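There are 2 protein chains.
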Amino acid sequence: MDGSLKRLYEPSTIAVVGPSPNSSNLATVILNNLLSAARGGKLSANIYAVNPLYDECLGVKCKKMLEGSTDLAIIAVPTKFVVDYLLQAQDAGVGVAIIISGGFSESGGKPLRPVIHKTRVLGPNTIGIVDPYSGINTLFLPDYKMNSDGVSLRSIPDPIKGRVAIIAQSGGISVSLYDELLSSGIGIRSLTCLGNSDDIDSSEIIEYFSEDRFTDLIALYLEGVQDGRKLMGAISKASLKKKVVAMVAGVSEAGKRATSSHTGSIVSNSDVYLAAIKQAGALSVMDFRDFIALIKSYQMLGTVKGKGVAVLTNSGGAGVLAADEASLRGMNVPPLHSRLMGLKENGALPGIASVENPIDVSASGNDSSIEAVYESLMKFDDINSVVVISTHYPPGITDRLPSMIASIQRKIRKPTVAVELGRSPWSYRIREIYDANGIPSVDSPQQAARILSLLYMLNEIEPAWGPVAVHNQATFGPGVHTEPGLIDIIGTFGFKSPRWAWVEGEDDLGKIRYPIALKVFSGLLIHKTEAGAVRVNIGNKGDATASFRDLRKAFPDGKIYAQEMIVGTEMRIGIANDTAFGKYIDIGAGGVLTELLMDHRTRIAPVSSGEALKMLEELKAAPLLKGYRGRAPADLGSLANSISSLSAWAASFEKLKEIEINPLIVNDTGSFAVDVRAIVEP
Amino acid sequence: MDGSLKRLYEPSTIAVVGPSPNSSNLATVILNNLLSAARGGKLSANIYAVNPLYDECLGVKCKKMLEGSTDLAIIAVPTKFVVDYLLQAQDAGVGVAIIISGGFSESGGKPLRPVIHKTRVLGPNTIGIVDPYSGINTLFLPDYKMNSDGVSLRSIPDPIKGRVAIIAQSGGISVSLYDELLSSGIGIRSLTCLGNSDDIDSSEIIEYFSEDRFTDLIALYLEGVQDGRKLMGAISKASLKKKVVAMVAGVSEAGKRATSSHTGSIVSNSDVYLAAIKQAGALSVMDFRDFIALIKSYQMLGTVKGKGVAVLTNSGGAGVLAADEASLRGMNVPPLHSRLMGLKENGALPGIASVENPIDVSASGNDSSIEAVYESLMKFDDINSVVVISTHYPPGITDRLPSMIASIQRKIRKPTVAVELGRSPWSYRIREIYDANGIPSVDSPQQAARILSLLYMLNEIEPAWGPVAVHNQATFGPGVHTEPGLIDIIGTFGFKSPRWAWVEGEDDLGKIRYPIALKVFSGLLIHKTEAGAVRVNIGNKGDATASFRDLRKAFPDGKIYAQEMIVGTEMRIGIANDTAFGKYIDIGAGGVLTELLMDHRTRIAPVSSGEALKMLEELKAAPLLKGYRGRAPADLGSLANSISSLSAWAASFEKLKEIEINPLIVNDTGSFAVDVRAIVEP
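Top line first, the protein sequences correspond to chains A and B. Counted the way the working numbering counts, the first sequence spans residues 1 to 682. Counted the way the working numbering counts, the second sequence spans residues 1 to 682.
Fair warning: there could be bad hints in the mix.
Derived SDA-like pairs: lysine to any residue, alpha-carbon spacing no greater than 20 angstroms straight-line [as the list claims (entries may be wrong)]:
#	chain 1	residue 1	chain 2	residue 2
1	B	Lys614	B	Gly330
2	A	Lys528	B	Ala632
3	B	Lys620	A	Met598
4	B	Lys626	A	Leu596
5	A	Lys110	B	Ala353
6	A	Lys528	A	Lys553
Please keep in mind that the hints were generated in silico from the structure rather than gathered at the bench. Since we're looking at a predicted model, the values are computed, not measured.
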């Protein structure tokens, strides 16, 4: 890092370019906001305005041009003037420019990138940054708006200091996240809207906040990406020091269409994108409301250290929903009956309470019943987190309960999410009191369970991304290559090949022991099976002769070879290129079944042996490899080594467009590459 | 129906059993509520109280005993007095009793069922019913509660008339759903809490509201079930006249534990339960918040008639999220560029707007930009529903927009869900105005898309449940049966069997053409493969002789037979018994892969040929059967006929515990039952 981001987030001198006497002019709004922050003692930077048409604006002298000592220039002028001001900034030696103005590549206009050389640029087409620590806030949207009854209502909340650095590509999502969190009293470390990312990108900002002492959590809203590997590097470095959560949008065709027009970024295959994020050590969240609830809950609770969840409720049905969801998400909901029975016996709970897990104090339960169970739960080592569902309807539940729960939680620190259902004034009040007391509240039993499971995953996730040694530098020329030509190179990674022999005449058919396959070798045949150029499971000489004659007739120019049939578990390994992330590897079960059953795992290449082993173990068909129903188990360790070496080689062989082993037949004697196909670019 | 439910929902005379001078006594609260409803003209029934200890209560004369002309008795007395009052009611000829009191089977007490014979009972352990049409409301929870600042806040809203009949097992969920809907201004046809269902069950109430002219939608919250087939019958009849949505809880082990203690119901395998609900014609919803949003949206919008969705937004990122979700849920988000370009050209939209789909008017867009696009969308035949995301932050968006959208929607009636993000006062206001104008609002772009997809599914769903003719009445004795003994019966359904022959000595090995399998026949061997009693893919006499000797040695008492190896797609068909739904059928792909890859479909037996065909087509592996990659396609129609006949036979053969064909090998010449196993109970 060259220090330019420090000039963005902690500038000594700020210029606002474009203010005018018109109070709704964006630059004027921004200047006004910064001046009030300065007057209120929240912002200590020097601020000046630039506009050659006016002498002063909002009581500040307007300069004709940008000055050299400027750390940060905020440029909010009509599109056609942007380039001139950017050139002026670069001539003057301005550190960073936030370019609010849009109208560039995102909407079919010219990209700004070619013009950027010295001054670092955030944007264009960005709403800029909010940093409650330095006091900078470039949000130009109205804080208050008049409604149709003539009442002024708050539209955007004021910033509060917190510990999450939010980085989002979209302006609309940036503002929404800001509103969601700040209106709920959740502070932020900073909000950064990337806009078109023509210069400063998410990677750089991630790197900046991974070194920041006020940041605990980095939350990313990502759409397209330009340099996928740079992003992975930044996240994997950051995730060693901070927690990183990411929401990726634009995964469907329609979403991609919108994303590319919206940010002009390169859009990846979504499997690859999500794999990359995870491999780099960030937790992906798919749902917008879960994303917000997770940020809020992490700031209040930190992570969850184990899988044991207790569900404490006064509504049986809601408890069932939370327990179902926790179980479905892989958490444990252990029975607690024997340990909690005492509470019923000593009268702390109503007679009709159920002390399973969920523990249902029933509608006859009051504040004290819930408190008594909650306090007991704190002592159980196998309970790592708690869902408290305290519907407010029963007469025995008061609005003192949230602080009773919170004061126990503050001592024991077992992460707890509260659920309050309904939309009545009491519902809102109880949720607010929980939040104000540091217990995140939600309005869905299922979401509470999901959030605890996400906080547990956030505890466990770690980066699995780094260099892997390349032992083999072999390359070959452009075109389509198949086995048997590829047998040697594949062999150096540890993949075996079935015995084979050229069949020039019928006499050659005896060379390989039956059953055999007969295949036609031809560089033109990329999909041999579909073309009818493969005959498998040939059990005897008679069938072999007939098949040989058929193939000879159908493919008079192809060379034919016989291949031993291997019995074992069918797999597929493919390595290909993604537009943003480069080479990725995909492993699946069952040749033909991979694409139908979607049982496959994707990673960015190269993968270490350890990560390759994880890929194999994550497959639903993994038990087939491990000795399912009396099969002899395969040596997964050596298969993982082979996959790792193959991935490292493929990642380093730049002209290799793709390579596929399909099927790879795995049994207890090794992994046999039955069909191999590679495409090398000119 | 015997008319007793009419006496529950439209009683002429109501008795409240148990009121006392204590104003917080449940019966007193209920009596008070009913009396105020009567005074307010909302309830026209005669009301009297029963309590032998008092002469009057709340100004009403207390009778010593229940009287014969009573349609509905509401019993809210300590558990120990319940049976006496129920017997009294039955002696007097009371029509229906709502038994509010708990303490029976749900909490380890005695079940009430044996005592019920004449008076119909709702409950025990129920909060009863709310019916805004007849004015009956037995909710005994406080409408208002005092908070700790001494302010009285609403805790439960007043009833409003609507068109959804809610039927829920759990009291807590009943109240929460009631609060969620009524507090948002959504009316209900009725709310019925089943409690323990010791007499009146969900089926009967579903049947009642399926004949009701004020009901459009029946919404079920189900946990366990007693008589699964009765429930299916009720839902399938109802779904011909009304829309039915269902949320099923208790699908995990922890959830089941809670459910069985909570309602004392029988808990099914969740795959079977969900299959049954769907087969009967109800739409299952898994998420609690989606369930509520769906009920609200259906009441405002009805169903969605086609898959085409337009996403109209002023926040690019939020539009991407909605489009992604719609696509992932199987909706179409067609490109609209060419049809909307005119709006940009004529200046109705800002220059930086994007008129793909999502259509992003950008933060520069105002009310009129959104209105102009929305109006255009109404004209497109391939757009059946719309998501409008109008974040309130831009200065050009006012709180007049919701009614502008609503007035267009009222004319064209294209279902539209509005999304407003954030938690600021403006966010709440905009959502409220949308709701008040008949456009359901949500706070998540993804949820809006999900709701439209659910409304589309609700349009398409239809019952697939009814009798299937049984052509074969064959049965056999208790024990474990396998092939070759089962070949004949299986054959009558149209399943083929591979050629086979007993192998008594090595000379018999030549009877079946290679490759063959050798199997040991023994009633004791239920899992032949695991026991090592099967050798497959034997290609020649030498291998066959060796295998035969091995098997002879390992299983000296078993008879050995040779079976032709069949090449084709491996499938599995299983029929077994569920505790609540009886016989169900499960079809999956790939013998060994079914349980690993979970590619299977479940239905309650019997299934028609048409439904069996649907099951086959829903399999992810279906393309394998239809001629994938040059394979010859199987005759799915005749396979479906076989499955249907098998299911009808199995459903009618009561002592049959289970039957499994695994593998069933399907190819273009037929469906071959390679292994068959049936268990018949004594």
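| task | Any hints from earlier that this structure breaks? Give me their numbers in increasing order, please. | result | Going through the list in order, the structure violates no hint and respects every one.
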